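Protein chains in written order, with numbering that gives the first Met the number 0: chain A, 0 to 284; chain B, 0 to 296.
A hint or two may mislead.
[To be verified] A few chain B residues facing chain A, derived, Cβ under 7 angstroms: (1) Gln43; (2) Gly73; (3) Gln84; (4) Arg87; (5) Pro117; (6) Pro120; (7) Glu200; (8) Ile201; (9) Ser205; (10) Phe237; (11) Ala289; (12) Arg292.
[Claimed, not checked] Calculated from the model, a selection of chain B residues having no Cβ within reach of chain A, i.e. all distances over 12 angstroms: (13) Asp3; (14) Leu100; (15) Asn115; (16) Arg147; (17) Pro182; (18) Tyr242.
By construction, these hints were calculated from the structure, which means they are not laboratory data. This one's a predicted model, so the numbers in the text were calculated from it and none came from an experiment. We put the beta carbon where it would ideally sit given N, CA and C, even for glycine.
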Amino acid sequence: MSAPTTSTPASAPAAADAGRPAEDWTVDELMITRLAACFVDGDQACNGMASFIPVSAFMLARLTHAPELVWLASAVGLDPRPERVPASTLEAPLWRDSVMYMEQFGDFWNYALNGRWLQKFCVGAAQLDRFGNANNSFIGTDYHAPKVRLPGTVGMGDMGSIGKLLYYWNPNHNPRSLVEKVDFVSCAGYLGGGTEREDLGLVGGPQLVVTDLCVMDFEPVTKHLRLQSVHPGVTVEQVQAATGFELVLPEGEVPVTAAPTAEQVRLIREVIDPDGMRKRELGKR
Amino acid sequence: MSQDKRASLAEAASLVRDGDVVALQNMATQLAPMAVVRELVRQQRRNLGIVGLVAGIPVDWMSAAGVMDRFIGGAVSMEQFGLCQRYRKGVEAGAIRVEELSETALNSRLGAAARNLPFLPTRGMIGTQLIDMDPDNLRLIEDPFGGRPIVACRALVPDVAIVHAHRADRAGNVQLEPTAEWPDLGIMPKAARRVIVTVEEIVDSSLLRRRPDRTVLPGFVVDAVVEVPFGAHPTSCFPFYGYDTALHLAWVKAARDDDATEAFLDRYVREPADQAAYLRAVGGATTMLALQRWEHA
Chain A
0 MSAPTTSTPA SAPAAADAGR PAEDWTVDEL MITRLAACFV DGDQACNGMA
50 SFIPVSAFML ARLTHAPELV WLASAVGLDP RPERVPASTL EAPLWRDSVM
100 YMEQFGDFWN YALNGRWLQK FCVGAAQLDR FGNANNSFIG TDYHAPKVRL
150 PGTVGMGDMG SIGKLLYYWN PNHNPRSLVE KVDFVSCAGY LGGGTEREDL
200 GLVGGPQLVV TDLCVMDFEP VTKHLRLQSV HPGVTVEQVQ AATGFELVLP
250 EGEVPVTAAP TAEQVRLIRE VIDPDGMRKR ELGKR
Chain B
0 MSQDKRASLA EAASLVRDGD VVALQNMATQ LAPMAVVREL VRQQRRNLGI
50 VGLVAGIPVD WMSAAGVMDR FIGGAVSMEQ FGLCQRYRKG VEAGAIRVEE
100 LSETALNSRL GAAARNLPFL PTRGMIGTQL IDMDPDNLRL IEDPFGGRPI
150 VACRALVPDV AIVHAHRADR AGNVQLEPTA EWPDLGIMPK AARRVIVTVE
200 EIVDSSLLRR RPDRTVLPGF VVDAVVEVPF GAHPTSCFPF YGYDTALHLA
250 WVKAARDDDA TEAFLDRYVR EPADQAAYLR AVGGATTMLA LQRWEHA
């Protein structure tokens, strides 16, 4: 090898370079890239309220590995082209340039309940327990005299029961949000674990939990949350200390979550979310 | 349809009586009939049960002012501006009772009312404790055709539905600009006994005739139609204007303190005698022009 060849296409070195792990990334960006990997061409995905990290993940997937991911913004705007992640994920700037506004009462739920479409939802919850049951209703022991009244469950109260694949994100992994047992089941997960969910005739259910410390999936038989990977620089002990139940570990060494690539970080920072809306979800630990 | 349904805000609000169940259009920071909500506070209506899918600032104001004592619906949240703290305090103190419903349960309850059915079923909520909390209205029942059990959602007939839209004629035929159509306008007016509509402008019917496909509610269901420019403020009314970030933040700050809450309600809700005075209080033309450009959104 004497002189650098000039016959290599100009884009090849750049693309290879872009695929290298980023030297400089933040945990919100890692959560976005991990969630984005859950969505492939042909999927149809919806976002809900205050969902800056999932919206960034959908936009990233569409710009990279899943250009044919169908996104129904806020369950309203089909195939939108927002300029960037706006200050709200439930307001018109998000569904700019849609090909369709889907009417809600008569139309959206026909598609959502049918079972053939809109299979993947990103959801957040105030409490999530070891069997993937979620609570957005209240903290305490008495529904009518709660210690803390939470916002309420709305569509999530349905999504857990109608066969959807649920992807939880939690940017503030702590023992109060990842609990042994939720105070109230407002979105059905695997209930008491094992075959309980199946026995009720429910299909689908929670698939993955992406937090600011780790990624968890569900052990196939017990349906207990199981550590899938820890984020770079995070130890299993740290995750255990921040979790309200005993972790189930994968066999062998616990893998490390793949860091975002340089190109993913560039897209998130410069194209998708230059205003840093994704960071509004962090820092409530 | 020559009947004239035009009314003042005070006349429209008088269709709401103490103790009524009121279906209120609102999706977090979007499209609440705020002018009527303020009028209900001014008229000191009491013991209202508010029905909503995702209710935001109107429910917080009505909680703070002691107008409501029940919430029936999906969620109460101002989205990016957080939980409604006055509502939350009211629930935690036992002053406001919550009957939480999943989205399909609320749609089924209102849908049953619209179609004069005792209930409509849903497959939502199965496995959750939401069903157990509301046995008067939600029951797991056998599928008469032999399939899996389903949830019967009892008809919910609101006494009044209150919605806001872009335009109507004097007969109350309501027309929308191309926009997100939340279930509120789709079902609440059809389920309720009385219907109040506020609109950005009342126009001649000839204008509706140019785009009859955009007319979404026939005047024969409407009892009162009120022209209220910026009638959804501080919530948004796409495409005409965005939500008011500054006023939402001012409310979030005031709601932390009892005296500040009262001062806020006096200044923005109780004292402005009409919509023009209210718009002056919240910043006048400068604010409205900024909202029309969707600044800060």
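Hint check results:
no. : hint   : result
1   : Gln43  : violated, 25 angstroms
2   : Gly73  : holds, 4 angstroms
3   : Gln84  : violated, 10 angstroms
4   : Arg87  : holds, 5 angstroms
5   : Pro117 : violated, 20 angstroms
6   : Pro120 : violated, 11 angstroms
7   : Glu200 : violated, 20 angstroms
8   : Ile201 : violated, 24 angstroms
9   : Ser205 : violated, 26 angstroms
10  : Phe237 : holds, 4 angstroms
11  : Ala289 : violated, 14 angstroms
12  : Arg292 : violated, 12 angstroms
13  : Asp3   : holds, 29 angstroms
14  : Leu100 : violated, 8 angstroms
15  : Asn115 : holds, 17 angstroms
16  : Arg147 : violated, 4 angstroms
17  : Pro182 : violated, 4 angstroms
18  : Tyr242 : violated, 7 angstroms
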